[in-house]
Each structure stands twice: as structure tokens, then as C-alpha cells.
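> Below are the chains, spelled out letter by letter.
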Amino acid sequence: MPIAGRKKRSSKLPVVLVAPALVLLALFTFAPAGYAVYLSLMKLHVTGGLLGTSSTQVFAGLSNYADTFHDPEFWHSLGRMLLIAVIGVPSTVILATVFALCLDANAARLTTVTRLAIFLPYAVPGVIASILWGFLYLPATSPIGGSVFSYFGNRAIFFTVANVAVWGVVGFNTVVLYTALRALPRDVRQAAEIDGASELQIALHVKLPQIAPAIAMIALFSVIGALQLFNEPTALKPLTNAITSTWVPLMRVYSDAFVNNNIYGGAASAFTLLVMTVALTLGGGAVATRVIGRQGK
Amino acid sequence: MRRPFSKRGAVTAGTATAVALALAACSSGSSSSPSAASSSASSAASGSSQVVHLTITDWDNGMPAVVSAWNASHPDIQVQLIKPSGTGYTLYNKLITDNRAGTNPDISEVEYQALPEMVANKVAISLNKYLPNLSQSYPSSVTSLVQFQGQTYGVAQNICPMVFFYRKDVFAKLGLKPPTTWAQYATDAAAIHKANQKEYLGNFDAADPEWFAGLAQQAGANWWTASGNTWSVAINDAATQKVANYWQGLVNSGAISPEPSWSTQWLTDMNKGNVVGWLSAQWAPNQFPTIAPSTAGQWVAAPLPAWTAGDSTVGTWGGEAEIVTASSKHPQQAAEFINWMNDSQQGLNLLIKNVSVFPAATFAQSSPELQTPPPFMSDQPGYNTLMASVAKGVRDFQIWGPDASVTFSSYSDAFASALQNHTSFTAALGKVQSATVSDMKNTGFQVTG
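Here the protein sequences come in this chain order: H and B. In terms of my numbering, the first sequence is residues 1429 to 1725. In terms of my numbering, the second sequence is residues 324 to 772.
These are computed hints drawn from the structure, not numbers from a lab. Do not take every clue at face value.
What the hints assert, rightly or not - The following label-pair restraints were derived from C-beta to C-beta distances:
#	chain 1	residue 1	chain 2	residue 2	range
1	B	Asn597	H	Asn1582	39 to 45 angstroms
2	H	Asp1499	B	Ile405	36 to 42 angstroms
3	B	Gly577	H	Leu1612	58 to 64 angstroms
4	B	His376	H	Gly1462	36 to 42 angstroms
5	B	Lys764	H	Pro1518	53 to 59 angstroms
6	B	Gly753	H	Gly1462	36 to 42 angstroms
7	B	Asn597	H	Ile1652	39 to 45 angstroms
8	H	Phe1658	B	Ala561	38 to 44 angstroms
9	H	Asp1499	B	Ala619	44 to 50 angstroms
A quick note: this is a predicted structure, and the numbers were derived from the prediction, not measured. All residues carry an ideal CB built from backbone N, CA and C; glycine is no exception.
Could you put together the complete structure from these sequences and hints?
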């Protein structure tokens, strides 16, 4: 009897422990997402009179999704976002890795100050950073040659936006990698030093493979960050004709819902994006796990 | 217009404080403190339930003086001014969203181009029941901006005809006269840019659709027309295409700046003297002190250039009415207040003094208060006389669309892209047209064509 009782209790315990997380997840993630899906299947329909004296919310089927998929601008905005990701993600990862390895080098001095200096941009809110960089780029105010070179040109604009984003996040990622480096056991590198390996050789062949899981993780976070690109282009938009209100997908969602007052269409593009983001994150996560797993062996 | 008016608020601060101080002499001494005293006195006398409390959202800075003057003389209807978190479409979109929750203020400021959209979204209620004699003070051109299918949805406050501002020093140096036709404007723009490659006579504003709409109105465009319950939309009509092609020519020649008004670049250029002209509207003098403080005393207002010499037709940029919202529990009192503010000599005098409006009500257009020019135009004593004369030529669209916000955001995107990629302006117009029509059809409005 006592044994059976213990068994029973232990079978309930996991449920109890997991319940709060599940309830919160259901309330604050699935419920709003479900409501967004519901809205995305609706539309407003006005009847009667020139200005529509009565309007009702009617079932629209998948027409909002069809509109999103048939709108070339949606695909263009995705393309622009991916282009910025292609520029921004590798830059972030490479710069953060280089900075972290430099900071961790035996010859490095003033590491505390340098680390703080590299980290500082992360503490600057994205909107402020964009305005700050905007003034550096703008011909009227540019101290870095904005009147000679157009930072808002058709091609330059992608690097311009990516630069603001990368500047903001490199510091954080550097600290993550630096912490990973400090946590590594010292014996391997000491063995390498005794064997006569140079600082560069140690960095590339000893440290780098050991922090590969951390690098994979910051790469994944950077990809997710790129998919959420919104602040930087939105803050730069008033400065240039190069950025439209649908320049990246999230700007389009915002513009649909709160500028064009079409929350239904906005919900449809938002949900489409959500599905794409989750798919990419899971895919990226699987790759990262494989990298980490291989490293573990 | 959103930004002109938002800026107007901020900018008028200087003007407003000066005038408000003057007004404070007669108003704050006899208004704010007595209003509190008299309202409490009246509530003590007649029971607190007698006092009706109203709220109004308005972003114009001179408004507190106007509201407190009303509160002083109307102890039973106390109005509280709320500064909205944003101007223009930021406010309108919030009004539409909050309307679903029934939490809107009793009264709001709404510009003419957004009023049909406010009606279509049931934010604004008909005032016919409360103000049956409203249209008597207004010319039909103004009435048509606030009255749809026999129902009046707002009390018109002001009209803002477009006006051309130029730097008299630059024009004198080059021996130019203010252009009276668009052909001459183009020639002058080329001459100014040739004399100094850094200087431009003006800018093409892709961020501000209403600026372009005003120019199209002058050329004879009618973006929306209504017949019965059916709409027709003609944003890419021949008149608008003429305007678009004209500006494409100027932009391509390099004689006109492609930077939108109120962009950082444009503000710097105006203040440094790189942009020496501005196709603006009646409210511009209230904007100038923050736009181009270092060029004060050099600006002159002139009628907008015409398509054919001598034609006085002109479009508008900006202008607003006050609406009573569907959320209001005291629509009768709310209607009385906005009627006093926008359609009585007392209310309009306060608005002229504090908010620098050019009144829409005909009787007030010859007010003695209008004899003084706005401070920035002190060298041009006849400024308001010029406004009164150009106001006679004002031509609006028959009606603004029920989804003008879609049209406007589409304009900004399409024309910004056209400027950036050097593509056709008329193709951009086509995009605006199809975005507007498809949104109207999708929402269920009857649209021909």
C-alpha cells in the first residue's frame, strides 16, 4: 500500500510542477495567438449609406492570407529583411568572436575598460542608436562624409541599417562569448602553451572549438533578432525616402494594423510571419543542437 | 495637416506664450481662478449633479486659454483639455480603436481630410439634432467638408489655403520676382539652382500626401466623388497626372530638393538658407520660428503660382473641425461648446489670438483681430488680407474618402520609392489609386470603375 501510494503521488508531481508554466504559456502565448488567428479570418464589412452607416465583422475565410501572399510588397519586405540578416548576422558573430578572443588573450590589457566600452552600445536603446547614427549619415549633419557618399542609396541602405543593428548587439554577444571563454578549463590551453603554441594558434585551435556551442547560440539569437527587425528602420524612416512603411515585414504588420486600420490584414501577415519565425527558429535550433552535440563528443 | 499642426502647437508656444500673457491679463485673472470658484459655487447652489464635465483632445498649444475662457463663463459646463499623445493620424487611429471600447473624449479635433473616415468608423456623431442652424455662418465650400448626405458631423474651425513663401533677399539678389505661374516657378527654380548648386527653390514632399493633394486640388483634381451611395475614385486623373509630371520634371532636373518637409535634412537646409522657398499654407508663419529661426525677416508670402496666369484657384493644406464623439454622454453640451468655439465672434477671436487660425466662418474673416500679421510676418502687415483674398479661390475635393489613411500611407510609400529609385511619378499615382480602390471594395463600399 505505501509503495502504491508513493507511486501515485510521484505520478502527479510532474503535472503539478509543469502546470504553472503551461497555464502561463496558454494564457499569454497561445490565447493571444489564437485571437490573432481568429481576427485574421475576419474582415470588416460596411453596408448602407455612402459612409457605411452599419458595419459588421464578417468571416473572410483565408482572403486576408491570400492578400498577403499575393502582395509582391510582402515578399520584397521579406527579401529586404533577409538581405540585412545576411549582412548583419555573420558580422555580429565574427566581430563578437574576434573581440572576445582578443579580450581573453594573455597579452590583453585594460580588459575591464575595453569590455565595458564594447558592451556600452548594448545599453543604448535601439531607437536612440538609430537617431544617433541617422545624424551621422544625414548629409546635413554628417561628420563622416554623408554629403559626399549617400548612406541612404539603394544598396548602401542595407549596410546602413545593418550597421546600426550590429553596433547595438555586438557588445552583448562579446560578453556572452567572453564569459564562455573564461569558464573553459585552463589545463588544455596551458598544455598548448607548454607545447609552444602561439597565442593565435591557441585562439583558433584550442579556444574556438571549445566555445563553438556558445557561438552557435549567439548565431541563433542573432537570426531571431534579424527576423524581428523593426526599431532601426522605423526610426531611420523619417530621414530618408529609401525606407517605406512596409520596408521590413514587421513594419508592414504595424502599418496594416495601426496606420491603415486593418487589424484583420495585420493579423494575417503577423501570423504568417510567426509561423515562418517559429519554423526558422526550430530549424536553426536543431542545427545548433547538432553542433553542440557534436562538440560534446 | 498633421505635422504642420503638430508643429504649429509646439511652435506657437512662443507666439502663444506672448499672446497668452496678454490674454492672461484679461483671462487668467478673470478665468481660471474664478472658474474654479464659480463652478464650486454653482455646484454648492444647485447640486453637483448639475455641472456637466466634458473632455476635448486638441493638440494646438494656444488652446488652454480658449478653454479656460469658456469655463469662466459657463460654470455648468466645464471642459477639460487633454493633449493627445500624438497628432494627426496617430490621434485618429487611436480614436477609431478607442471608439470600440467607448472610451473616447467627448470632443476631438479632426482635420477635414480625416472626417469622412471618422464618420465611417462611427467615431463622429451627427450634430443635426443639436445644432440645427449650423451651416448659416459658412460658405458652401466649407459646409461640404463637414456635411455628408444632409448630416453635419463637425463644426468647421479654419481654412488653410496654400500660399507660396520665398526669401526676398535671394530673389532680390538674382533679380527675380515671385512666380505667378508654375512655368515661371520652374524657370526660377532652375535659375536659383544654377546660381548656387546648393540652393533650391523648394522641395517635393513625398512624406506629406496632403501637400500634394492641395496642389492637385488647384489643378482641378477630384480624388473622390460621391453620387448617391456610390463612390468614384480618381487619384490618377488627368489633373493629378499633370501635377505629378510637372514635379517629376523639376525633381529630375535637380532644381528641386527631394527631401520631405520637416525632415532633418530639410529643416537644416531651410535654416541654413539652402532651401529658399516653401509651397506651404496659411499656418506657415507659426512654423517658421522653429523651422528657420536664423532667416527671420527674409520671408514673404505670395499667392500660389497658377497653371494659367491670372487664375486664382488654390488648394488647401490643413484645416480642421471639432467633432462630438459617439462615446460622449453629453452630446448636447459638447455641441454647444464647439459651436461657441468655432462659430461665435468671442470664440473665434480667442482662436485667432491664441492659435492663429484663419476662421472658416465668413462673418469672422473681417475681424479686427486679423489686422495684425503673425509675429514672424511682421514685415508684411497685409498678411491676413492676403489670406482673405486667396481664401476666395479655395477649391477642395468634393469629399475626402472614407479610407483616406490608406490613400495617404500608400502615397508616402509610392512617392518615396519613386524618388529613391528614379521611377515614374504617374506609375506611383497608379499604385495609390489601386490601393485605395481595393481597400474600399474590400471593406464593402460601393465603388464604380
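> If a hint holds in the structure, say so; if it doesn't, say that too.
Do the hints match the structure? See the list:
Taken as a hint, the range 39 to 45 angstroms is violated for the pair Asn597/B and Asn1582/H, whose Cβ atoms sit roughly 24 angstroms apart. Distance hint for Asp1499/H and Ile405/B: a CB-CB separation of about 38 angstroms, consistent with the stated range 36 to 42 angstroms. Distance hint for Gly577/B and Leu1612/H: a CB-CB separation of about 59 angstroms, consistent with the stated range 58 to 64 angstroms. Between His376/B and Gly1462/H the beta carbon distance is about 40 angstroms. The supplied range of 36 to 42 angstroms therefore holds.
Between Lys764/B and Pro1518/H the Cβ separation comes to about 45 angstroms, which falls outside the hinted range of 53 to 59 angstroms. Against the hinted window of 36 to 42 angstroms, the Cβ-Cβ separation of Gly753/B and Gly1462/H comes to about 39 angstroms, which satisfies the hint. Restraint check, Asn597/B to Ile1652/H: a C-beta distance of roughly 43 angstroms satisfies the suggested window 39 to 45 angstroms. With their beta carbons about 40 angstroms apart, Phe1658/H and Ala561/B fall inside the hinted range of 38 to 44 angstroms.
Distance hint for Asp1499/H and Ala619/B: a CB-CB separation of about 48 angstroms, consistent with the stated range 44 to 50 angstroms.
Consistency with the previously given hints fails for numbers 1, 5, ordered from lowest to highest.
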